[in-house]
Amino acid sequence: MSLETSESAPESTVQVLQEVRLPSIPDDAHVVTVLITHPPGASGYPPHRLPGGPGFGYMIGGEMLFELEGEAPRVLRAGEAFWGRGGDVIHYRDANNRTDIPCSYVLTLLCAPGKPMREWVTDGELTARKHLRVTG
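So the sequence shown is numbered by the UniProt record's numbering: it starts at 1 and just counts up by one.
Keep in mind the hints are simulated off the structure, nothing from the lab. Only a predicted model underlies this, so the values are computations on that prediction, with no experimental measurement involved. All residues carry an ideal CB built from backbone N, CA and C; glycine is no exception. Careful, some of the hints might be misleading.
[Said to hold, decoys possible] Label-pair restraints from in silico Cβ distances: (1) A81 x I25: 27 to 33 angstroms; (2) T108 x K130: 26 to 32 angstroms; (3) W83 x K130: 21 to 27 angstroms; (4) A29 x I101: 31 to 37 angstroms; (5) R129 x V14: 36 to 42 angstroms; (6) V14 x T127: 43 to 49 angstroms; (7) A81 x H30: 17 to 23 angstroms; (8) T99 x P26: 38 to 44 angstroms; (9) A72 x R118: 21 to 27 angstroms; (10) V121 x S12: 39 to 45 angstroms; (11) I36 x G70: 19 to 25 angstroms.
Let the sequences and hints guide you as you build the complete structure.
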């Protein structure tokens, strides 16, 4: 995909950080963009899901330990883009991976009408779905 046009300034650059193919988006969906900052050593939000749609993020500063259901945990660093599926997928961790500096990221969420932006996962559901969690 090229974002360059004949009007692009020669000194300007465009770098694609992430490209994702999505299922169809409901006509009445809305988009929310938030800035999240976790203090040094913070564990982040408890396990949750994004019932209305996927979330797309960009690390602004620090490091985040990021873990989604079906994927091994990984560390994201400032300047990296990431995304998480919406719907039934559990988002296990978004913890600050550092104890000396905060981590912050911008998150843009596609939200379906009538569904919350985020919903918490119960302990019972975590137990029932533990076979879907990748450790490593």
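Run through the hints listed earlier and report the numbers of any the structure violates, in increasing order.
1
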